[in-house]
Amino acid sequence: MKKRKRPVLKALMALMIVFFYLPIIYMIVFSFNEGKSLTVFTGLSLRWYQHMLETGGMLEALYTTFSVAVIASFISTVVGTFTAIGLSKSKKLIRDLMEQVDNLPMMNPEIVTAIGLMLLFITFRVEKGYITMLLAHIAFCIPYVILSVMPKIRSLDPDLADAAMDLGATPWQALMKVIIPQIMPGIVSGGLIAFTMSVDDFIISYFVTGGGVKNLSIMVYTMSRRINPSINAASTLMIGIITIVLLIINVGPLFAAKRQKREKERKKILLPAALAAVCAAGCIVFVRFGDMQEKRPFEGEILHIYNWGEYTGENIIGDFEEDTGAKVILENYDSNEQMYIKVANGESYDILVPSDYMIQRLILEEYLQKLDHTKLTCMDKLTDAVKGLSYDPENAYSIPYFWGTVGIVYDKNKVDVESLEQEGFNIFLNEKYQGDIYLYDSERDSFMMALKALGYSMNTEDAKELDEAYEWLVRCVETMEPEIVTDEIIDNMAQGRRALGLMYSGDAAYVMAENENMGFYLPKTGTNLWSDAMVIPKNAKNPELAHAFINFASDYEGAYDNSSYVGYTSANQEVMDVLSGPGGDFEGISAYIPRTDCEFDEVFVYNEKTRKEISNMWSRVKIVASNANPSKH
Numbered sequence: 011m012k013k014r015k016r017p018v019l020k021a022l023m024a025l026m027i028v029f030f031y032l033p034i035i036y037m038i039v040f041s042f043n044e045g046k047s048l049t050v051f052t053g054l055s056l057r058w059y060q061h062m063l064e065t066g067g068m069l070e071a072l073y074t075t076f077s078v079a080v081i082a083s084f085i086s087t088v089v090g091t092f093t094a095i096g097l098s099k100s101k102k103l104i105r106d107l108m109e110q111v112d113n114l115p116m117m118n119p120e121i122v123t124a125i126g127l128m129l130l131f132i133t134f135r136v137e138k139g140y141i142t143m144l145l146a147h148i149a150f151c152i153p154y155v156i157l158s159v160m161p162k163i164r165s166l167d168p169d170l171a172d173a174a175m176d177l178g179a180t181p182w183q184a185l186m187k188v189i190i191p192q193i194m195p196g197i198v199s200g201g202l203i204a205f206t207m208s209v210d211d212f213i214i215s216y217f218v219t220g221g222g223v224k225n226l227s228i229m230v231y232t233m234s235r236r237i238n239p240s241i242n243a244a245s246t247l248m249i250g251i252i253t254i255v256l257l258i259i260n261v262g263p264l265f266a267a268k269r270q271k272r273e274k275e276r277k278k279i280l281l282p283a284a285l286a287a288v289c290a291a292g293c294i295v296f297v298r299f300g301d302m303q304e305k306r307p308f309e310g311e312i313l314h315i316y317n318w319g320e321y322t323g324e325n326i327i328g329d330f331e332e333d334t335g336a337k338v339i340l341e342n343y344d345s346n347e348q349m350y351i352k353v354a355n356g357e358s359y360d361i362l363v364p365s366d367y368m369i370q371r372l373i374l375e376e377y378l379q380k381l382d383h384t385k386l387t388c389m390d391k392l393t394d395a396v397k398g399l400s401y402d403p404e405n406a407y408s409i410p411y412f413w414g415t416v417g418i419v420y421d422k423n424k425v426d427v428e429s430l431e432q433e434g435f436n437i438f439l440n441e442k443y444q445g446d447i448y449l450y451d452s453e454r455d456s457f458m459m460a461l462k463a464l465g466y467s468m469n470t471e472d473a474k475e476l477d478e479a480y481e482w483l484v485r486c487v488e489t490m491e492p493e494i495v496t497d498e499i500i501d502n503m504a505q506g507r508r509a510l511g512l513m514y515s516g517d518a519a520y521v522m523a524e525n526e527n528m529g530f531y532l533p534k535t536g537t538n539l540w541s542d543a544m545v546i547p548k549n550a551k552n553p554e555l556a557h558a559f560i561n562f563a564s565d566y567e568g569a570y571d572n573s574s575y576v577g578y579t580s581a582n583q584e585v586m587d588v589l590s591g592p593g594g595d596f597e598g599i600s601a602y603i604p605r606t607d608c609e610f611d612e613v614f615v616y617n618e619k620t621r622k623e624i625s626n627m628w629s630r631v632k633i634v635a636s637n638a639n640p641s642k643h
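For what it's worth, my numbering labels the leading residue of the sequence shown as 11, then goes sequentially.
A few of these clues could be false.
As the list claims (entries may be wrong) - Using 20 Å as the maximum straight-line C-alpha spacing, the simulated EDC-like pairs for lysine to aspartate or glutamate come out as follows:
| id | residue 1 | residue 2 |
| --- | --- | --- |
| 1 | K534 | E609 |
| 2 | K551 | D382 |
| 3 | K619 | E475 |
| 4 | K46 | E498 |
| 5 | K102 | D167 |
| 6 | K622 | D501 |
| 7 | K380 | E404 |
| 8 | K352 | E375 |
| 9 | K385 | E309 |
| 10 | K187 | D210 |
| 11 | K101 | D167 |
| 12 | K551 | E357 |
| 13 | K442 | E491 |
| 14 | K385 | E331 |
| 15 | K391 | D112 |
| 16 | K337 | E137 |
| 17 | K622 | E471 |
| 18 | K99 | D112 |
| 19 | K422 | E433 |
| 20 | K101 | E44 |
| 21 | K534 | E433 |
| 22 | K619 | E453 |
| 23 | K622 | E404 |
| 24 | K99 | D167 |
| 25 | K99 | E109 |
| 26 | K385 | E404 |
| 27 | K619 | D477 |
| 28 | K632 | E481 |
| 29 | K138 | E120 |
| 30 | K397 | E612 |
| 31 | K422 | D446 |
| 32 | K385 | E109 |
| 33 | K352 | D112 |
| 34 | K46 | D595 |
| 35 | K548 | E347 |
| 36 | K474 | D565 |
| 37 | K474 | E491 |
| 38 | K442 | E453 |
| 39 | K46 | D501 |
Quick caveat, the hints were computed from the structure, so don't treat them as lab data.
Given only the sequences and the hints, what does the whole structure look like? Please build it.
See the structure below:
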């Protein structure tokens with residue numbers, strides 16, 4: 011009977027190994043993909059490793075990740091070890107109380123710890139950055155070290171230290187030469203757990219960092235807005251470093267055992283791991299020295315930019331730094347509301363890139379300063395379609411960055427244009443495409459689609475019309491079995507995995523460039539004509555440099571780099587013409603040039619009451635969708 015069970019157990023073990031390691035292997039393979047797709051392998055290439063090395067931000071994130079992990083692990087291991095030893099000699103009441111205190115951070119949800127640390131730093135006016143991230147990592151790693159060391163201490167003879175001192179050892183010698191060697195396995199385990207927890211952390215790091223300092227997990231999160239295979243390259247490099255460290259830790263003692271006694275071997279287990287980690291972190295440091303021979307206009311000054319993740323060209327930041335001598339600190343957000351919270355809490359940035367309705371809100375709440383148009387040389391280079399929009403009629407506060415529409419991406423092999431022309435957004439209720447559609451997880455865009463399908467303005471404040479739009483969306487999720495997604499829709503539609511999807515025009519341009527069978531349709535009932543623009547907050551520390559960057563980003567070279575890399579429509583008229591013209595990156599791709607001749611296209615108007623109502627309704631729609639189609643949500 012036992013012999014029969016062994017093949018089954020081996021097969022289950024093999025399946026478990028495949029389950030755990032196949033995603034990692036998949037990621038490593040696609041880090042060498044020639045194309046940009048994350049799902050279709052088009053050929054071997056080191057393109058994304060080269061891109062990672064040329065992108066200072068990626069290497070800086072890797073350096074931050076490992077340097078914080080090494081320092082935090084070392085400090086937390088030392089502090090945690092001595093704390094555990096001290097607790098072992100304390101009274102039972104104090105020891106039990108402190109053990110409960112030690113367990114609390116590990117049992118608490120990370121978000122609670124993150125917010126608590128953030129509020130602590132804000133209360134004491136500690137400027138957030140590398141130091142605050144390091145302190146936070148030390149704080150949440152110490153409990154894990156204590157938990158790992160305490161069992162080893164309990165297993166020791168309680169009279170061991172006294173016996174050593176009776177034989178002539180000082181308390182320090184008894185600690186270092188008797189106690190520490192005996193509990194070394196627990197110390198090593200605690201240090202490795204601390205290192206792993208630090209490298210893996212995202213939530214706490216995200217809330218306590220600032221000043222452009224970010225580790226790899228934060229950078230990957232902000233990159234999720236757009237497809238960026240450099241994530242695969244960076245993650246593969248990270249896996250390689252960790253694998254090397256683990257090999258040294260596990261293989262090193264085997265070689266050491268042949269030459270040294272067991273007691274000496276235990277003392278040196280940590281050394282190879284620490285040296286390897288330090289060397290790995292040192293190898294990641296990427297320092298670029300600018301040309302200091304010629305004095306540049308903003309030499310040594312710092313520009314803080316807060317922009318969407320993956321919303322900046324490959325070269326624009328480096329070119330601006332080289333041209334001006336300034337240092338650019340770029341931080342990223344993934345929603346207008348997230349950006350608003352930081353601005354409202356008084357965090358200082360020199361440039362923001364919010365969307366139209368959020369710019370209107372920032373103006374109304376007096377968070378922005380007026381632009382000095384005498385310092386701007388870019389207005390004549392911008393297309394008339396994005397100047398003087400309703401949220402800022404005189405462009406007194408904002409200069410357009412990207413613009414576009416929201417429409418329907420469709421598979422030409424599954425959907426014909428005649429159906430789209432007849433039904434518009436109502437095609438998302440056509441049961442012919444049941445289970446074959448994507449909805450975008452955006453309350454504004456989803457309600458825009460429903461309202462336009464019903465023939466209403468997307469800026470309506472009428473409660474009855476909003477209720478009708480809610481019922482339209484409920485009907486859609488109940489009968490059509492849609493998959494509600496975010497930016498994964500881009501790659502999925504590029505691979506033709508659904509017949510229909512609601513998508514921003516810039517993302518649609520990428521999809522159409524990748525797959526000639528995909529089309530983009532804008533219903534005649536109108537859509538959202540959106541615009542993201544550069545603004546300067548009232549508390550900006552360097553508004554003069556901010557004006558210089560606005561000019562640089564709006565000029566041909568900066569705007570071309572931005573638009574060709576990100577794929578969204580440039581506000582620079584010449585760049586639009588070149589990229590959409592003969593030989594351009596988006597030649598023949600209709601989604602790149604937004605529609606400007608439809609009287610029903612609208613710009614979002616900010617209304618706090620309506621926004622809250624729509625937000626609550628969209629949450630209820632997603633609950634209905636989850637209950638109706640649990641497998642897709």
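Pair hint K442 and E453, alpha-carbon separation not exceeding 20 Å: violated (25 Å)
Restraint status (C-alpha distance of K385 to E331 at most 20 Å): holds (19 Å)
Restraint check for K474 with D565, where alpha carbons must lie at most 20 Å apart: violated (46 Å)
Satisfaction of hint between D477 and K619, Cα-Cα up to 20 Å: Holds - the C-alpha atoms of D477 and K619 are around 15 Å apart, at most 20 Å.
Satisfaction of hint between E120 and K138, Cα-Cα up to 20 Å: OK: K138 and E120 at ~18 Å, within 20 Å.
Hint consistency between K385 and E109 [alpha-carbon to alpha-carbon, up to 20 Å]: violated (61 Å)
Given hint D167 paired with K99 - CA-CA distance at most 20 Å: holds (12 Å)
Agreement of K619 and E453 with the hint, judged by alpha carbon distance not exceeding 20 Å: holds (14 Å)
Proposed proximity, D112 with K352 (alpha carbon, max 20 Å): Cα-Cα ~31 Å, so violated.
Holds or violated: K99 to E109, with C-alpha atoms at most 20 Å apart: holds (13 Å)
Pair hint outcome, K99 versus D112 [Cα-Cα no greater than 20 Å]: Status holds; Cα separation ~16 Å.
Agreement of K385 and E309 with the hint, judged by alpha carbon distance not exceeding 20 Å: holds (18 Å)
Hint compliance for this structure: hints 6, 10, 15, 20, 23, 32, 33, 36, 37, 38 are broken, all remaining hints hold.
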